[in-house]
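J.: Sequence:
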Amino acid sequence: MGDSASMRRRRQLLFVAILLACLGAGAVTEAGGAVRAAAAFSQDGVVRSGATPLGQVEVTLLEAGTRAGAQPRVLAGACSGPDGRFHLVYRPPTDAAAVLYLIADGGPQAPALRLAAVLGGGGGPDVVVNERTTVAAAYAFAQFTRASSVSGDSPGLPNAAAISHNLADVRTGGIAPLLAAPPNGQETSTLAAFNTLADLLAVCARGRGCEDLLQLAQPPGQPRPGDTFQAAADIARTPGNQVAALFALARTEPLYRPALAAAPDAWTLALRYDGNGHEINGPGNIAFDAAGNAWVSNNYRFALDPRTPVCGGRTVLAVSPTGTDLPGAPYRGGGLYGAGFGVAVDRAGRAWVSNFGFQGTGCAVDPSRHDVSVSEFAADGHALSPASGWRFGGISQPQGTVADRSGNIWIANCGNRSVTRIPKGRPELARNLALGGVGLVKPFDIAVDPAGRAWVTGNGSDNVVELAPDGRPLRTVTPSGLHRPLGIASDSEGNLWVADNRVLPVPCAGGTTADFTSALNAVPAGGMRPGVMMIRPDGISTPTSFTNGGLVLPWGVAIDGDDHVWVANFAGQRLAELCGARVAMCPPGYRTGRSISPAATGYSSDGLVRNTGVQIDPSGNVWLANNWRTVPLQTNPGGHELVVFVGLAAPVRTPLAGPPQHP
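Numbering of the sequence shown is given in numbering that gives the first Met the number 0, commencing with residue 0 and proceeding in unit increments.
FYI, nobody ran anything at the bench for these hints, they're computed from the structure.
Since this is a predicted model, take the numbers as computed values, not measurements.
We treat Cβ as the ideally placed atom computed from N, Cα and C, and that holds for glycine.
Hints are not guaranteed to be accurate.
[To be verified] Label pairs and their calculated CB-CB ranges:
(1) Arg474 x Ala261: 48 to 54 Å
(2) Asp514 x Glu427: 48 to 54 Å
(3) His482 x Pro257: 41 to 47 Å
[Unchecked claim] Computed list of lysine to any residue pairs in SDA-like fashion (alpha-carbon distance at most 20 Å, straight line):
(4) Lys423 x Asp288
(5) Lys423 x Arg349
(6) Lys423 x Ser479
(7) Lys423 x Asp365
(8) Lys423 x Ala378
(9) Lys423 x Ala347
(10) Lys423 x Pro468
(11) Lys423 x Arg404
(12) Lys423 x Ser405
(13) Lys423 x Gly459
(14) Lys423 x Gly451
(15) Lys423 x Thr475
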C-alpha cells in the first residue's frame, strides 16, 4: 500500500473535488468515481466544536496503513454543510479488520485545525467528529501517527482503534461508557484530564490559539506538528512537555466538563479495567499473548469488603485490549491457587501461572499444599495441567515466571533458593537448578537476555545470578548498594534493569506477610531513595542506582520497543519512565538513567494504588497491576483493577519471550 504516483494523483484529485464542493456547498462521495450500489457502504455524520456545527469543512475517510510507514488509503471525501453534516459513500476494504478513520480539516479559516474520529465496523450509524473524538484517536494512535498519517502493524493498530472507543463515543461525540462510569468516571481524574485536552483543541477550533498550541505541543528535537490532530498525538507521546503552558491555554476555551482545576504533572490518560467487576483481587503481573490480550495472575479470591478473609485466587484473568473478559474467562482449574508475580505466555500461546499460595489472614487453607506447582493453560483457556498443577522440578513458592525464545519456561523458586527450568515447555522434563551455593536467597524475578541467558534477582541476598541458556550458573553479580531487588528486565542490547527496592522482604522461605507489612510501615516519610540499577551484559553494574523519575518502592520493570525503562511503584501512585541505554531514542541531551517522567512525581494517577507488575502491549499502552490497596487490611489487601496508560510507550511484539522487539 505504498504511496505510488497514481495513488498520489488520486488523492490530489479527490482533495481538489472536496475543495470545489466546499466552495459550492456541494458534496463528494467515493474517491475516484461512482460507486456501485451493491458494493457501497455509506457513512453519515456531523463535525462539531462543542455544540457548534462546523460547516465548509473537508471531511475525508481513510483506511490506515497496514504496516509501519505505509500511507493510508483515501476511501472517500465530502464537504460538511452549514449544519456540519456530511455524507460519504465508499467501497469497503477487502480486509474486514481494516482500521478506518475520519479527518476533518478546517480549511482556509482554520488551516491548522484537524479533527478526527475512529470508526467501528464498515458502515453504520451517524458519527460525530469533534475535539473529544480527536483526543481519543490521537492518544490511542499516538505510537502510530506521524505527520497526521496513521499506519501500523496488527494487532497493535487494530487494538488501538478499539481502545479509542474506551475514551470517546463517536456516535454522540461524548464520553465513552467505560470512561464515564466506575471504576473510572468521577473516581479518578482521567475524565477531567480528557475533557481538558478537548478544551485545548477547542481553542484552535474557535479560531484562536492555533499557533500557540502547535508550538507548545512540539516534542523536543522533533518537527512542530502541522495540525491539531498531530499536536494531540505529540502531547500523548511526550506528556511531560510544556504541561503548565498547555493547561493555561486550555482554560481559555472551557467547553467540556468536568475539567481539571489545576495543571497535572503530565498529560497522561490512565484507564482502569475491572473485568466483570467481581473477579480481580490482587492482580500480580501481566503477560500478553500474540493478539495483545492480557493474562493476569490473581492473588486472592474476590471479595470487595477488605474485612472479609479471603483465600488464594483460583482463577487466571484473561482480558481483551479493551478490558472485557475473553470468552469463558476468568479461567479455572489446573491447580491454580494464590498466584503471585509469576505469569508468562510462550510463543505457542500457552499461559503459565505460578502458584505462590497467597491468601489473606483468616483463611483456613494450608498454603503449603498448593505453593509447589505451576499451572498451564491452552490459548482458549482450558487447563493443560492436572488438578494439582505441574509439580515437577522442585517448585517452591514460585514467583517470577518467563518464557524464552526457544520455548523454555523459567520459574524463580522464592521458597528454596532455586530456579526451575522446563525445557520446551515439557513439564515432565523440568529440572531444578539449586542456586544456594552461588549465594542466591529468595529468588524473585527472571529476565532472559538476547543470548538466551537467564538473570535472577535475589531479594534476600542483594544480588543477581546469571545462568547459561541450559541453566548452568555463570556468575553472581553483587552490586554495591543493591538491596532487596525485585523486578528485572532485559533491553534489546542485553543490559539488565533491576528494581532496587531497598525495603521490602518477599514473604517466602520463612518470611511472612507480617514481616513484609512491618517493613512497609517502617519506611520513613522521606523514603529510602530506592532506584533502578543497570547491569551490563558483562556483569558490570552502574556504580549506584538511578534514583530519579519519581521512584517510590520500585517493583516491576518493563522495557519498551525503544528501550525506555518503565517501573511500577509499590507506593506513591505513579509510573516511572527512564531513558535507557540507547540514548538516541531519548529526548535530545538525555543520558542513560535520566528521568523522562517528571522527576518529582513520575506519571502519577489517582487510579493507581500499590503496583507490582508493569508490561507494554503491542499498541504502546502501559499496563500496571493494582496489587494491594493503598491502606491494606491483611484479611483482604488486594486491589481490584488493572490500570492502562494509553499510547504512552513504544509498542512491543508479544508474547514477550526474552528482550523486547518492535512489532
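J.: All hints are to be evaluated individually against the structure, with a verdict given for each.
T.: These are the hints, each one checked on the structure:
Evaluation of the 48 to 54 Å hint for Arg474 and Ala261 yields a pass: the beta carbon distance comes to about 50 Å. Separated by about 36 Å at the C-beta atoms, Asp514 and Glu427 break the suggested range of 48 to 54 Å. At about 43 Å, the CB distance of His482 to Pro257 agrees with the hint of 41 to 47 Å. Between Lys423 and Asp288 the CA atoms are separated by roughly 17 Å; this keeps the pair inside 20 Å, and the hint holds.
Taking the CA atoms of Lys423 and Arg349, the gap is about 12 Å. The hint holds against a cut of 20 Å. A hinted pair counts as satisfied when its Cα atoms are at most 20 Å apart, and Lys423 with Ser479 does not qualify at roughly 36 Å. Under the criterion of a C-alpha separation no larger than 20 Å, the hint pairing Lys423 with Asp365 is inconsistent with the structure, at around 32 Å. A C-alpha spacing of about 17 Å is found between Lys423 and Ala378, which places the hinted pair at or below 20 Å, so the restraint holds.
The hinted pair formed by Lys423 and Ala347 meets the criterion: a straight-line CA distance of about 10 Å does not exceed 20 Å. For the hint pairing Lys423 with Pro468, the CA-to-CA distance comes to about 12 Å; that is within 20 Å, so the pair holds. Between Lys423 and Arg404 the CA atoms are separated by roughly 10 Å; this keeps the pair inside 20 Å, and the hint holds. For the suggested pair Lys423 and Ser405, the alpha carbons sit about 7 Å apart, so the restraint of at most 20 Å is met.
Using a Cα cut-off of 20 Å, the hinted pair Lys423 and Gly459 is violated, with the two alpha carbons roughly 30 Å apart. Distance hint between Lys423 and Gly451 is fulfilled; the C-alpha atoms sit about 13 Å from each other, no more than 20 Å. Under the criterion of a C-alpha separation no larger than 20 Å, the hint pairing Lys423 with Thr475 is inconsistent with the structure, at around 26 Å.
Hint violations for this structure: numbers 2, 6, 7, 13, 15, all remaining hints satisfied.
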